[in-house]
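Q: Sequence:
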Amino acid sequence: MKTDAMICLVEDDPIMGESLCHRFELEGLRFDWYQSAAEAMERIGRVPYAVVVSDIRLPDLDGGEMFAQLRQRHAAMPPFIFITGYGSIDRAVQLLKLGAADYITKPFDLENLIEKIEDLARDFA
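Counting in this note's numbering, the sequence shown runs from 1 upward without gaps.
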């Protein structure tokens with residue numbers, strides 16, 4: 001589904017990032033890809049992202065901590081979908097209680113992720 005909504009991808013792994021970018025392109029999604037929390041934090045709040053898809057383990061800052069800091073800085077935040085290869089129930093509950101839209105463990109179904117992104121982008125618009 002093609003949408004004008006902008007997606008923010010925060011993923012430090014080049015293989016995973018390229019794979020997601022390729023799929024986003026095939027789906028007609030517009031996106032920016034950042035490989036560090038610092039890069040993403042610089043842009044979130046300035047760019048009208050409809051959804052943020054973020055890894056949890058980033059090289060410079062934990063994705064959950066990035067989310068918490070951004071929530072303190074910005075009154076209106078796009079929904080966050082967290083993706084991780086190191087999932088735990090406690091961590092998922094913690095992030096969902098903080099306001100994350102979803103928490104997905106790798107490997108995940110790309111079709112399901114795209115549907116979640118499109119649904120959240122529609123709801124956020």
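Note that these hints are calculated values from the structure, not bench results.
Please note: incorrect hints may appear among the correct ones.
Claimed, not checked - Calculated lysine to aspartate or glutamate pairs in the DMTMM-like style (CA-CA distance at most 20 Å, straight line): (1) 97 x 111; (2) 106 x 13; (3) 106 x 4; (4) 116 x 60; (5) 106 x 18; (6) 116 x 4; (7) 97 x 60.
Q: Against the earlier hints, flag every one the structure doesn't satisfy and list their numbers going up.
A: Violated: hints 1, 3, 4 and 7.
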